[in-house]
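Student: Build the full structure now, drawing on both the sequences and the hints.
Residue numbers (my numbering), protein chains in the order written: chain A, 1 to 261; chain B, 1 to 119; chain C, 1 to 832.
One or more hints might be untrue.
Some chain C residues near chain B, calculated using beta-carbon distances under 7 Å [stated by the list, open to error]:
1) A288
2) G313
3) H316
4) F321
5) T681
Chain C residues, not near chain B, derived (Cβ > 12 Å throughout) [to be verified]:
6) I48
7) L68
8) T418
9) V423
10) S425
11) V613
12) G747
By construction, these hints were calculated from the structure, which means they are not laboratory data.
Just so you know, these numbers come straight off a predicted model, no measurement behind them.
Ideal Cβ placement from N, Cα and C applies to all residues, glycine included.
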Amino acid sequence: MDGVAGQRNAAVKVVISRVSGGGIVEYLGLGRVGLRHLALPLLLAPALAGCEGALSALDPAGPAAQSIAGVWWVMLTGSLVILAAMMGLVLWPFFKRHRPVEVPEKLWLWVGALGFPLIVLAALLAWGLPSGQSMLADRDGQVYTVEAQAAQWEWTFGYPDTEEVTQGVLHIPAGEPVDIAITSADVIHGFWVPRLAGKIDAIPGTTNTLRIFAPEPGIYEGMCAEFCGLEHATMRFSVVAHPQDEYENVLTAELNAEARP
Amino acid sequence: MTGQSRRVRGTDLVWLVAGFTVWAAGFSAVYGLHAVGCRAGWEEAGFAGLSANRIVLLAAYLGHSALGAALYFPLVRIAARWEGLSARTIRQTAIMVTLAAVISTLWTGAPVLFLETCR
Amino acid sequence: MTPTTPVGLHRALDAIWRAPRGIAALSAVNHSVVGRRFIITAFIYFAIGGVLAMLIRAQLARPENPFLGADAYNQIFTMHGTVMMFLFAIPLIEGVALYLLPKILGARDLAYPRLSAFGYWCYLFGGTIILVAMVMGVAPDSGWFMYTPLASSTYTPGINADVWLLGITFVEISAVCAAVEIVVTVLKVRTAGMALSRMPLMAWYLLVTAAMMLIAFPPLILGSVLLEMERAFNWPFFDPERGGAPLLWQHLFWLFGHPEVYIIFLPAAGAVSTLIPVFARTRIVGYAWIVAAIIALAFLSFGLWVHHMFATGIPHLSLAFFSAASMLVAVPTAVQVFAWIATLMRGRPQMSLPMLYLMGFFSVFILGGLTGVMLALVPFNWQAHDTHFVVAHLHYVLIGGFVFPMLAATYYWLPLMTGRLPVFSVSKAAFWLIFLGFHGTFLIMHFTGLMGMPRRIFTYESGLGWDLPNLISSIGGFVMAAGFALFVIDIVLQTRFGRRFRRNPWGGTGLDWAMPTPAPSYNFASLPLVTGRDPLEDNVRLGADIAAGKGYLAGAPRGEMETLCVDMATGEPEHVLLLPKNDYTPFWMAAGLAVFFTAFLLSAYWVAPLGLVIATAFGWRWLWSLGAKSDPALIDAGQGLRLPVHFAVPSVPTLLGLKYFLAANAAFYGSLLFGFLFLWTTAAGWPPQFLNASPVLIAGIAISLAAAAIFATLARRSNSREANGARMIWLAGSLAASLAGLGLLMGLAIMDAPPPDTHAYAAITMAIIGYVILHTLLGVMFAAYTLARCRAGFVSSLRSTDMRGTAIWQLYTAITGIGGLALIILAPGGLA
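Tutor: As structure tokens, this is what we get:
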């Protein structure tokens, strides 16, 4: 078990190619690198070691993951500013130089407690809701669709026009959107490939569809995100994105290899 | 204002929760109707470029918002008659809560205005 | 001879209020005793939960750590969450509320002292069941959230999940009891002149919290009952292969689970609102704003639950409603924070010990609130959900929003219990260890989560960037644990060797500091007339005046335990509440339930009803002890005021409590009907089996239930007209109608309903019928009880509680019964 996982990690390290791309930050014309440098010094030292990792949502490769990582850095920076301002207000009355001041109650509460949060929250929603909608799968059958079935404690992947399946490894074409129809054979599991997109649950009796997009060929690690019993911790899988022109051949070869172990 | 002044009664405390009860009803209605509509295929029917699903959701959203806002007027009229202990605090609080409930109804249902249904 | 000196009053009162010692302590019902028991037991569970947390951090300190296996780890993290939420946080709130409420409201006890004693025994017995299971190695191991189908019998065949379902349900009985207790106490049991607008904010917070508990706990209790039915009798509510829906469990669980967070936070925020003005030497800014904010918070918190389910594949527009609501809930919280800041600014705050803990609260809780806003954002939630980011967030909110304020509150109110002040330096060191240890554990954990570490994994391999953050978290965790150990030492030191003081060490302005310390068993020698929000500021000699009997109901001239009941809004005295003496009934009733739950747990289904019979018998005895056989005279309450006794007025607290209990009951039933509708709209192939109910049978049931309600109302009216012959006839009619309804309902259940183990439709239909049967059966018992009470002479036109209660119950049964049957027969597959 450990050996397999170890090999998989080694492979990941080789294949990982850093991809930069669009997100909310570019959209706002801020530039992701700049913001990152702004936010990072404020984090604890270990965070400075970097956000790279085979399962790191902060090391995004797909557009959905990139967009979310971008908004995270924006929210982190904003939160730290708000936290500092609030703590300044809380602590200020304790300083010797503080004189009791009668804060104008209505103005203070209308502006500070109602106006300010409502504006910030409305801005977040105005970005977040359309953004979330844009990440959804279409369900119109136009996109290449594969099937993922979770069972305690393994992932099985099925492909169009074949009965053959692969276990633990999902093969997809790079550079095009792929929909994954996810279900479960027993308990609830969660399908999560952090570097590509957010997670969605695998629920028995239901099929949930998740759209992923791997711009570059490579191996993207995934895991079960929902607690599913004894071996939940080791219920991993990999998504291997192949160049589009090689995909059909590779998939056929992989399916044949699985068919005769 | 017409009517006799009177003391605040226990039953008047209903005004502290009336606004948000409308919010809760509106929230449940929009959430429930959305689930039912998507299951029953209301997405397919409709007119004037709006699906039946959207029309139902808009009606529930705007209806509850209007109902919540409408509470304000009887409240102000009735609360103006309260006098004696607690009257001022309960009046102030009831008006604030009722307004907050209208804002909440408008806020939480707002996605009906601009997001796709049933995806 | 009635004593008039302070010492004489004290002796007379203490003689009848004093807590019993030895084995008789089992009969204690006084709020100070019961509250203290709740608080101490909760802190013991906190220590147990803390040890479990340390085991978790020890295991995760290093990658591939062989310390714990998956099975042990799953039990430990499940128990950590379960213990902290159900056996620490909620009971601590209940304990604080039960202990403090009469003291801040100017009362001698709660509305129903025996009910809170009963609640304590339920809590203790239920918690013990869970703890014993853990010691025996069969603790729950499906997570504190118990998601189905993992927690169903197919995937958790052992006793583990049953321990959770039955133990927690048993404990939750105490939460519902405490909720009813708190609501009625705040609304009715206050001292003279304490209008709603003069209540300390803490009382508002507890009122709102308790009202939330009434609505929030029933869905969890229902979910637990349904899941236990599935596990024990194979009724497939959550089994997708037989028309059930795993997500139904999640809806019911989080419909409880999210309000629960605010139920935990609000009383702590109440403590913040109490402490800040005291230590800033000023009044709170924005009293009405805060009350409005907590009411808004209470409602909005019921519109957030799906944000725990953003990744379950629910349509995006539905998520959007909950995302918007989850963001909006930050606003009433901001109102409170800004009011607290304005209060600090207005005053000259001192960094005394409780204030130090409040500074911890501000820094931790604000950050937790900010990450909460992040998690409300749907796309970000898709990444962060089920990772250690959420673990970090929830600990920031719960430890920041609950534990820090509660530690501050402990330091603030402990002198009231002990009469001693803290040993300052130790407590300061404890604070810094807890504070730094906390941030050490959880700040880095946000990052660990975003680096992809999911929750609830017992091991991880090296090389994912998780090693160092986990090690830091573990070290921080042990620092924090050392801080809590020091806190315990400090409390023990303070209790034993603290500096004694006379009155009001902090300069508080509420009634809680207008009594001698340690607080006497009866709280107030006489009940003061309150003229403002800060009684001790309005009259600096208030404490001495109270002790000298210059208030209402001074001393115990009638040898009764008395306190005032007031008009809800204005605080004008209405009647005198006579409180019960110490009584073993609550203990034995809870013991009966313990027999029931234990037997059910051990699958001894034929022993279980025996426990219910014991509990019902003691319940009957309890009710029988209420009231009196003759109309009581008015009581001289002092200061020229003569008041009636509580059971001789229509606004008796008993009936108010019944109504609030029925509100909780309606929330339970509403959740059940929601389950029916949910399964109908989501499950495949609905319905497969038909309820072959004949319209005649259904109509017969409806008529019987309606008749029982109408007859009970007519009996009540005859009683108030003193038509004693007619009231017996109508009561007998109500009894007969209930019996007829019961028979017809049994017929429906046995002959016409499909077998409940065949399909979720059949199961939930049977659950609804079962609910109506249970309520009709209780209706039979209430009608019979009231008949017996009439014959025994307990009922008159003045003493009408039994009559009114029965009428209310029969009406509730008719409405819910007819409504439920209508839903069943109107839905597809209802009628034959």
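Student: Against the structure, test the hints numbered earlier, and report the numbers of the ones violated in rising order.
Tutor: Per hint list: single violation, 2.
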